[in-house]
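Chemist: Assemble chain B onto chain A, guided by the hints.
There are 2 protein chains.
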Amino acid sequence: MRSFDILIKNGIILTMDPENSIFHGGIVGITGDSISYVGEGPTEIEAGRVIDAKGGIVLPGLINGHTHAAMTLFRGLADDLPLMEWLNNYIFPAESRIDPDFVHTGTLLACAEMILSGTTTFCDMYLFEDEAARAAKAAGMRCLVGEVLYDFDSPNYGPPAQGLKYTESLIEKWKGDPLVSIAVEPHALFTCSPDLLTAANRLALEHDAPLIIHLSETANELVQIRERYGKKPVEHLASLGILGPHLIADHCVHLDGEEIELMAEKDARVIHNPESNMKLASGIAPVPAMISRGIITGLGTDGCASNNDLDLFSEMDIAAKLHKVGTMDTTVMDSLTVLRMATIEGAKALGMGHITGSLEKGKKADVIVLDINKPHMTPMYNPISHLVYSAKGSDVIHTVINGSLVMSERKLLTVDIEEVMTKAGDRSREILDWIRSANQ
Amino acid sequence: MRSFDILIKNGIILTMDPENSIFHGGIVGITGDSISYVGEGPTEIEAGRVIDAKGGIVLPGLINGHTHAAMTLFRGLADDLPLMEWLNNYIFPAESRIDPDFVHTGTLLACAEMILSGTTTFCDMYLFEDEAARAAKAAGMRCLVGEVLYDFDSPNYGPPAQGLKYTESLIEKWKGDPLVSIAVEPHALFTCSPDLLTAANRLALEHDAPLIIHLSETANELVQIRERYGKKPVEHLASLGILGPHLIADHCVHLDGEEIELMAEKDARVIHNPESNMKLASGIAPVPAMISRGIITGLGTDGCASNNDLDLFSEMDIAAKLHKVGTMDTTVMDSLTVLRMATIEGAKALGMGHITGSLEKGKKADVIVLDINKPHMTPMYNPISHLVYSAKGSDVIHTVINGSLVMSERKLLTVDIEEVMTKAGDRSREILDWIRSANQ
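First to last, the protein sequences are chains A and B.
Residue 1 is where the first sequence starts when you use my numbering, and the numbers rise one by one after that.
Residue 1001 is where the second sequence starts when you use my numbering, and the numbers rise one by one after that.
One chain only, chain A, in its complex shape (with noise of 0.2 Å):
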């Protein structure tokens, strides 16, 4: 007799481990916080809670490689507006106001939002990061946070210098927490001196920390990268000696096959933000020769002021359709490429590997079920096509998080979303004052 937990039962299992193994009709088993059986099953067994997948998919939580949580309350504030005029007219007024509450309920919103699409993990850069982390382990989600470090005052803070401080500070007080992991977070290479850029980068190693931040998203910052140290971003990244695989990279939009080259070398890690890079005309990112050159590359949604939401079921359609576009080839990006940046890449790629992102004995328990008996999910040739192209987040039935269930016939257990939301009206209607007053 095998005794579990949980078990997971009567579900097609995509385990996505090394050979990316299917068990249809298997069982996952969660002892504790952990995966402790995933297979065909033996026939005998007891379980604390039985979740019958009822024939759907059972799949690894999907990781949200980069966002900032909570631009949930900015959601649809201002769009199709030429990109200078969005920041300076609504986007940075209003972040120069924002206060922790802030930060918490639009963190929570964001984590309601993620957990009924799917994402069970999520990195996050934004301020006043603390409540970010304390937002996300109320909701029992995992998450790797930091605190964005630039050059300039910030109302979580104040001077620059005191960036890293407050990382640090990050970093003692979340130490072994079994969901909260820190970053350290410089924001670009357009807004970091070389020397921030530097002292974050030590922090960052000192800490066996990631260091994550945005690079070369716009066209824009190769001029300025060019025109302040005469290299091209990835190469001035190199020539402070930061590339290294505990670099992770969001968006990398405008690197050629050389700094493509020089990041693959020294194993840095990219997130692709497709629907971001769109909506902002950022442009599209040479993905899938990243891949080919086997950079580790996950999928992340960016904040919800440029998307505007955190699913990452249409992330990963769209995803798989625009580098097909993109190169002309309807070849690139399958979906079998797609799930696995959704899934165990992108965990590799927030160096999580070894946590989340597969299902198999002794990783953290991240458990997905999806509910296929819905006529857009029919017929049912091949799951992984489904999941990429069909599936929607509204199709995510139950969710395990570090072995907890956090969400049950689509009931969130760990977050009043009534009162959240309730909330974030609220702080919508302060948000439109502070747009109104910059504007006057």
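Heads up, a few of these hints could be off.
[Said to hold, decoys possible] Partial chain B-side listing against chain A, Cβ under 10 Å, derived:
{"#": "1", "residue": "1081"}
{"#": "2", "residue": "1284"}
{"#": "3", "residue": "1331"}
{"#": "4", "residue": "1377"}
{"#": "5", "residue": "1378"}
{"#": "6", "residue": "1383"}
{"#": "7", "residue": "1395"}
{"#": "8", "residue": "1418"}
{"#": "9", "residue": "1420"}
In short, the hints are calculated from the structure, not lab data.
Note that CB positions come from ideal geometry on N, CA and C, so glycine has one too.
Modeler: Showing chain B alone in chain A's frame:
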């Protein structure tokens, strides 16, 4: 006292009328098959049935301007392949063996999926289209359908010459039907001789029916048409005297400036299918340029083999984003433009602008209600932005078509969906056998 058969109250009513009027907390009154009131609402009302939108969005039902509905049965059968391998090894062998039951089952499945994601009208091109019409009517959906015509034998009507007769029989049979209209539908310029195109056009004009054709979907079509006729595709159409307001051209990916000008001068209509054009690496259609030139342009999903769903909410989101990155301009395809494409402009493109596509007194009552009390729709600054960038098909909770309630609280009232999904599963196993025997 005003009296309605159906009263929809307590919603944010987006009319999509010429002024894009919005009524907060207004009502839509339905009498028989038509809208008899839209606005702030009289205070004294009685109604046979009251639909409480509970603060949600009330919108005209979406218009899917181009699909091959029965291809739901090929959903996920094969993806990510070179185009000719996909067509020759999968789609063509399977299509050579389809039968009336296939089209009936596949179209019913499609109608269920479309209603569940907010579509109330669709335009279809496929085989055995009498079955498509019957299925749509059974599901209570509005449709414009036509039998595909080409220079080859058809599994339905046999030799090419019979295609026009079959189409004419459809026109006779469905004349005056409240939901079903018939179009004349030659497949494409490279599969239809000038004689067939001319005869099809004559039939369309004779019966005041739309003429629908795939146009310039791939760059290869340009080469073929140039080789055969020494002309660009739109020039070829013009030389045959076929360009006019009755022409609905699907895709139009590779039109140049001169062709856009010709299309605009003759008031021909366009249906844009971004997801299919991306997945099949067809290219990015010059939609912003066509709309700027005044060409009426709707939105379609194309068939499930190249999408792989029929969800116009994701199609809107992608349409808005694709052209921003395609033109490197964040301001093109703003959310209002895209929402109009999926509603009133789509209806106009199909020649149905007087019947559906907006909430206006005297039009047929095709109305959807969306639940916005969800994390991904919170907060709410701008309902139009949310419909394009944040809403999901699964947010649609009630649907009225032609004055009849076809979905209530997400429960389909017209289709026995369990039965249809079971049948679709059965047919999918047959389809796999067809593919195996064709590829032996």
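Chemist: Each hint: holds or not?
Modeler: For each hint, the structure was consulted:
1. 1081: 6 Å, holds
2. 1284: 6 Å, holds
3. 1331: Since chain A brings a Cβ to about 6 Å from residue 1331 (chain B), closer than 10 Å, the hint holds.
4. 1377: 8 Å, holds
5. 1378: Because about 5 Å separates residue 1378 (chain B) from the closest Cβ in chain A, which is inside the 10 Å limit, the hint holds.
6. 1383: At about 9 Å, which falls below the 10 Å cut-off, the nearest Cβ of chain A leaves the hint on residue 1383 (chain B) intact, so it holds.
7. 1395: Interface hint status for residue 1395 (chain B): holds (8 Å vs cutoff 10 Å).
8. 1418: Result: holds, 8 Å to nearest chain A Cβ.
9. 1420: 8 Å, holds
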